[in-house]
Every structure is written in C-alpha cells, then in structure tokens.
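Kindly produce the complete structure, drawing on both the sequences and the hints.
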Amino acid sequence: QKEVEQNSGPLSVPEGAIASLNCTYSDRGSQSFFWYRQYSGKSPELIMFIYSNGDKEDGRFTAQLNKASQYVSLLIRDSQPSDSATYLCVATTGGFKTIFGAGTRLFVKA
Amino acid sequence: EAGVTQSPTHLIKTRGQQATLRCSPISGHTSVYWYQQALGLGLQFLLWYDEGEERNRGNFPPRFSGRQFPNYSSELNVNALELEDSALYLCASRGSGSATDTQYFGPGTRLTVL
Numbered sequence: 001q002k003e004v005e006q007n008s009g010p011l012s013v014p015e016g017a018i019a020s021l022n023c024t025y026s027d028r029g030s031q032s033f034f035w036y037r038q039y040s041g042k043s044p045e046l047i048m049f050i051y052s053n054g055d056k057e058d059g060r061f062t063a064q065l066n067k068a069s070q071y072v073s074l075l076i077r078d079s080q081p082s083d084s085a086t087y088l089c090v091a092t093t094g095g096f097k098t099i100f101g102a103g104t105r106l107f108v109k110a
Numbered sequence: 111e112a113g114v115t116q117s118p119t120h121l122i123k124t125r126g127q128q129a130t131l132r133c134s135p136i137s138g139h140t141s142v143y144w145y146q147q148a149l150g151l152g153l154q155f156l157l158w159y160d161e162g163e164e165r166n167r168g169n170f171p172p173r174f175s176g177r178q179f180p181n182y183s184s185e186l187n188v189n190a191l192e193l194e195d196s197a198l199y200l201c202a203s204r205g206s207g208s209a210t211d212t213q214y215f216g217p218g219t220r221l222t223v224l
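Those sequence lines, one after another, are chains A and B.
For the first sequence, position 31 matches number 31 in our numbering, and the numbering has no gaps at all.
For the second sequence, position 48 matches number 158 in our numbering, and the numbering has no gaps at all.
Because the hints were derived from the structure by calculation, they are not lab data.
Treat the hints with care, as some may be off.
Once the Cα atoms are required to be at most 20 Å apart in a straight line, the calculated EDC-like pairs of lysine to aspartate or glutamate come out as [to be verified]:
hint, chain 1, residue 1, chain 2, residue 2
1, A, Lys109, A, Asp78
2, B, Lys123, B, Glu185
3, A, Lys97, A, Asp27
4, A, Lys97, B, Glu163
5, A, Lys97, B, Glu164
6, A, Lys97, B, Asp160
7, A, Lys97, B, Glu161
8, A, Lys56, B, Asp211
9, A, Lys97, B, Asp211
10, A, Lys109, A, Glu15
11, A, Lys67, A, Asp27
12, A, Lys67, A, Glu57
13, A, Lys56, A, Asp83
14, A, Lys56, A, Glu45
15, A, Lys67, B, Asp211
16, A, Lys109, A, Asp83
None of the values given here were measured: they were computed from a predicted structure.
This is how it looks when you write it as structure tokens:
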C-alpha cells in the first residue's frame with residue numbers, strides 16, 4: 001500500500017465547474033498535509049496546507065481533512081484552464097518524514 | 111525575499127561521469143531536501159539536511175550523496191552516472207520552526223545522462 005495515494009487521473013472538468021481532488025494516507029502519525037500544484041516541467045508550488053480536521057478555505061481553493069478516515073481533499077471552485085496541472089498531496093509527520101503522493105492530473109476544458 | 115535557487119538549470123553528462131548540483135535555500139531556512147523526479151513520475155525523496163547534518167536519506171544507492179555547508183546551501187553529488195539517473199532534481203528548503211512546516215521548492219536542475 002502506498003503511503004499517500006491519489007488517483008492519477010486525468011480528471012477532466014469543464015471551465016467554471018468544481019474540481020475535487022482526493023488523497024488518502026496510511027500513517028496515522030501524519031500531522032500536516034499540503035497540496036502543491038505542478039505544471040509540466042516545473043517545480044511544485046504550494047497551494048494550501050491544513051493541520052486540523054475540517055475545512056480550510058483560501059480563495060477558490062478549499063482543503064478538507066478527516067483524520068479519522070485518513071482522508072484529505074482539495075476543492076477548486078470556478079475551475080479555469082490555467083488550473084490544468086498535476087496536484088500533489090503531501091503528508092508529514094512530527095519528525096522528518098515527508099511523503100508525496102504521485103499526483104492527480106487535472107484538465108480543465110475551456 | 112529571494113526564493114530557493116538551484117544551479118545549473120540543465121546539466122548533460124555521459125554514463126560513468128559525476129554530476130554536482132547546487133541549491134541555495136531561502137534566507138533563514140536551515141533545512142534542505144533533495145528530490146528526484148523522473149519524467150512522468152512522482153517525486154522521490156533523496157536526502158534531507160538540517161543544520162549541516164544529514165538527517166535522513168531515501169532508498170537510493172550510496173553513489174547519491176551530498177552535503178550542507180555552514181551557510182545552509184547544499185550540494186548533491188551523483189557518482190558513476192547511469193542512464194536512469196536522467197531526471198529533474200528538485201531542492202526544497204524549510205524553516206527551523208517545525209518539521210511539518212512548508213517546504214518551498216527551487217526551479218530544479220534537469221540532468222540528462224547520455
């Protein structure tokens with residue numbers, strides 16, 4: 001079992017729709033969770049982080065965390081073609097361990 | 111504030127040679143992470159340096175090594191290059207506040223082994 005699992009996609013949504021990206025993790029000691037966006041050939045850039053159960057909103061992005069279910073998600077409202085990228089889910093523990101998911105490719109159709 | 115910088119941007123080597131990649135963290139950050147991302151694949155953790163010490167390494171052979179200098183910049187060395195070492199090598203830095211703080215990535219070094 002992969003430590004951080006994501007559906008590889010591609011996830012295809014029409015422009016203006018809500019894109020829902022999901023992630024599960026296996027280490028119950030994971031404390032912090034991050035979502036990065038990576039355009040092809042570029043380095044990952046941070047979108048959001050979340051530490052506590054519940055929702056966290058930042059502009060068009062909402063991160064959701066459910067530690068009991070070991071589940072993290074990222075919602076993108078009013079999706080734009082510029083949101084087309086690979087989204088990486090990351091889990092970290094209180095120590096050194098940082099695990100990246102393989103990423104979900106999102107394609108927003110104009 | 112300057113971000114994480116990496117050099118060179120591109121590096122072309124032949125099999126058996128050695129490659130040296132460099133990373134400068136964000137000012138004030140003491141931790142540096144190295145990752146390998148082969149084409150179309152996810153990030154694979156290589157090495158973590160903090161306060162000049164190697165804190166952890168991923169499942170890579172010993173020919174992947176590195177160090178962190180007193181100014182917290184870091185160097186990744188890959189000896190006896192193999193074709194499958196061709197990848198984007200990413201460096202990330204993190205502040206010393208918490209091990210779970212955000213990592214910020216540099217632009218990467220594209221290594222091509224011929």
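Structure versus earlier hints, numbers of those that do not hold, lowest first: The structure conflicts with no hint, since it agrees with every one listed earlier.
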